[in-house]
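Put chain B on the given structure of chain A with help from the hints.
Given next are the chains, with one letter for each unit.
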Amino acid sequence: NAGVTQTPKFRVLKTGQSMTLLCAQDMNHEYMYWYRQDPGMGLRLIHYSVGEGTTAKGEVPDGYNVSRLKKQNFLLGLESAAPSQTSVYFCASSLHTSLSYNEQFFGPGTRLTVL
Amino acid sequence: KQEVTQIPAALSVPEGENLVLNCSFTDSAIYNLQWFRQDPGKGLTSLLLIQSSQREQTSGRLNASLDKSSGRSTLYIAASQPGDSATYLCAVRLPYNQGGKLIFGQGTELSVKP
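Line by line, the protein sequences are chains A and B.
Per the working numbering, residue 1 is the first one in the first sequence, and the count goes up by one each step.
Per the working numbering, residue 1 is the first one in the second sequence, and the count goes up by one each step.
Hints are all accurate, no fakes.
One side only, chain A facing chain B, incomplete, derived with CB under 7 Å:
{"hint": "1", "residue": "42"}
{"hint": "2", "residue": "45"}
{"hint": "3", "residue": "103"}
{"hint": "4", "residue": "106"}
{"hint": "5", "residue": "107"}
{"hint": "6", "residue": "108"}
Below, computed lysine-lysine pairings styled on BS3-like, alpha-carbon distance capped at 30 Å:
{"hint": "7", "chain 1": "B", "residue 1": "68", "chain 2": "A", "residue 2": "57"}
{"hint": "8", "chain 1": "A", "residue 1": "9", "chain 2": "A", "residue 2": "71"}
{"hint": "9", "chain 1": "A", "residue 1": "57", "chain 2": "B", "residue 2": "42"}
{"hint": "10", "chain 1": "B", "residue 1": "42", "chain 2": "B", "residue 2": "1"}
{"hint": "11", "chain 1": "A", "residue 1": "14", "chain 2": "B", "residue 2": "42"}
It should be emphasised that the hints constitute simulated quantities derived from the structure, not laboratory data.
We treat Cβ as the ideally placed atom computed from N, Cα and C, and that holds for glycine.
Bound-form chain A, shown alone (with noise of 0.2 Å):
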């Protein structure tokens, strides 16, 4: 069981370049996160999904575009890099019942900086 997995952990870009972030996740979860970790401003919501072929946006979604082809793949894209999106990604994913919210498993992140 890996868990939460992410690729790539670290990536230069320089402003303007496109790229993907990819989040794996092994187990079966239907919820997944995205967020950004950034000092003085904590981790805060980018994009979220709650199944197959559903996203919805988070608390700062704008630069962002995200999709869930596969119930295990949650991909986070930029689509023209700006320097504010220099920050650390991270993934997490939440195994939901009709009862309660379970707790969140995150990945290790992807250190992303925009020159």
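Only chain B this time, still in chain A's reference frame:
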């Protein structure tokens, strides 16, 4: 709008001391509250999850309490060890009719000195 605050931002204690980390939230309408640990350069590890109907949860040397009416949670760490040094984050989950999202505090950076 739900806001989560953790005070202090940083805490340094000698090994063996019992300590309490604080988390407060502005809206008592929460689904649950989760405490995480984050080591430098690493992801978040879930420590304890308290449902809104519960008052506390325990795991080993950790005990988390929840007082929804006052908007407070505490994480108690007994007999602290240098290996407990990390940043501790609390997060509240909004009710389903508000999107069910996690709102994080900014964390308390704990340093346990040998």
